[in-house]
Structure formats: structure tokens, C-alpha cells
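To convert, take the position in the sequence shown, counting from 1, and add 1220; that gives the numbering used here.
Note that these hints are calculated values from the structure, not bench results. Check the hints yourself; a few may be wrong.
Said to hold, decoys possible - Here are the computed distance ranges between Cβ atoms for each label pair:
#, residue 1, residue 2, range
1, Pro1251, Arg1229, 13 to 23 angstroms
2, Arg1338, Pro1251, 33 to 43 angstroms
3, Arg1315, Gly1256, 14 to 24 angstroms
4, Asp1225, Asp1290, 15 to 25 angstroms
5, Arg1341, Gly1288, 31 to 41 angstroms
6, Phe1313, His1257, 34 to 44 angstroms
7, Gly1258, His1280, 39 to 49 angstroms
8, Asp1290, Glu1240, 16 to 26 angstroms
9, Leu1235, Gly1326, 18 to 28 angstroms
10, Arg1341, Gly1256, 19 to 29 angstroms
11, Gly1326, Gly1239, 21 to 31 angstroms
12, Gly1258, Arg1336, 27 to 37 angstroms
Yeah, the Cβ is synthetic: ideal placement off N, Cα and C, and Gly gets one too.
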Amino acid sequence: MFAADEASRGLGAELVEQGEGTAVLRMTVTPGMVNGHGTAHGGYVFLLADSAFARACNSHGPVTVAAGADITFVAPAYEGDVLLARAEERARFGRSGLYDVTVLRGDEAIAEFRGRSRSLRSAGTTPKESR
């Protein structure tokens, strides 16, 4: 899945580790990711967290997509910062799941993300095919 993820690769996101229900991705904030305030645009931070969430919730096999997500920004990131997104599964029930992702700059949390997942009915179905 990560090999086909053009959005994450376009960010320069790297998969650091992955396990059952977990994933860690790393990304460096580039000049093109900085907003008019001189901080990393929240959309890039969200995308990094969402990519870690996607890796974690798809680690069980069936094609799984986001049912919803939200993020709380707790500190800014700046050009040159190396961000780490750590995703952990909190619960799976039926075809649904709940995942938390912490985005870190070093030891400091800069964002907390919560994602809700839904597995597609057919394990071989892609989101495009399920329309």
C-alpha cells in the first residue's frame, strides 16, 4: 500500500516501522510546507498523521479506509523540523477501528490525531471499486 501512496511519497514521508495495528512515519518540513506565519501548514501535519493512521489500520489485511478523523495542534512546526508520526490502534470492533496518532518533533508532541476506520466488505476491493 505505501509503495502506491503517491501523496505520502510526495511529502518525502518515510516508513520507519510498522507492526500489527501500529506504524511510525517520518517527514522533514520543507520550505514548500510553510505557511504565511512561518510555520508548517496544518494540512501537511494532518497528512503525515493520516498516512501513519492508514498504515496502522491496514496492517490487518482487509482494505480499510478512514471513516473520519480529527486533529488537535498543540505546538507549531517549522521549516527543517523532522516530524515523527506514531500511530497506535486503540480498538477494533466489527469492521470499525479507532486509532491515535501522536506527531512529534523530537520528544515534543506537536499534534494529536484520532482516526476512525472502516474495513470494506470485500478484502480485495479497492475504495474506487466499491463505489
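Cβ distance range 13 to 23 angstroms for Pro1251 and Arg1229, holds or violated: holds (18 angstroms)
Do the beta carbons of Phe1313 and His1257 sit within 34 to 44 angstroms of each other? Check passed, 40 angstroms falls within 34 to 44 angstroms.
Mind checking the hinted window 19 to 29 angstroms against the Cβ distance between Arg1341 and Gly1256? violated (44 angstroms)
Distance restraint evaluation - Arg1341, Gly1288, Cβ atoms, bounds 31 to 41 angstroms: Given about 19 angstroms between the Cβ atoms, the range is violated.
Given the hint of 14 to 24 angstroms, is the C-beta distance from Arg1315 to Gly1256 inside that range or not? violated (41 angstroms)
With 39 to 49 angstroms as the target window, see if Gly1258 and His1280 comply at their CB atoms. holds (40 angstroms)
Could you check the hint for me, namely that Leu1235 and Gly1326 are 18 to 28 angstroms apart, CB to CB? holds (20 angstroms)
Does the Cβ distance between Arg1338 and Pro1251 fall inside 33 to 43 angstroms? This hint holds: roughly 36 angstroms between Cβ atoms.
If you check the beta carbons of Asp1290 and Glu1240, does the distance land in 16 to 26 angstroms? holds (24 angstroms)
Does the beta carbon distance between Gly1326 and Gly1239 stay inside 21 to 31 angstroms, or does it fall outside? With Cβ atoms ~22 angstroms apart, the hint holds.
Starting from the hint 27 to 37 angstroms, judge whether the C-beta atoms of Gly1258 and Arg1336 obey it. holds (33 angstroms)
Is it true that the C-beta distance of Asp1225 to Asp1290 lies inside 15 to 25 angstroms, as the hint says? holds (21 angstroms)
When held up to the earlier numbered hints, the structure conflicts with 3, 5, 10 and fits the remainder.
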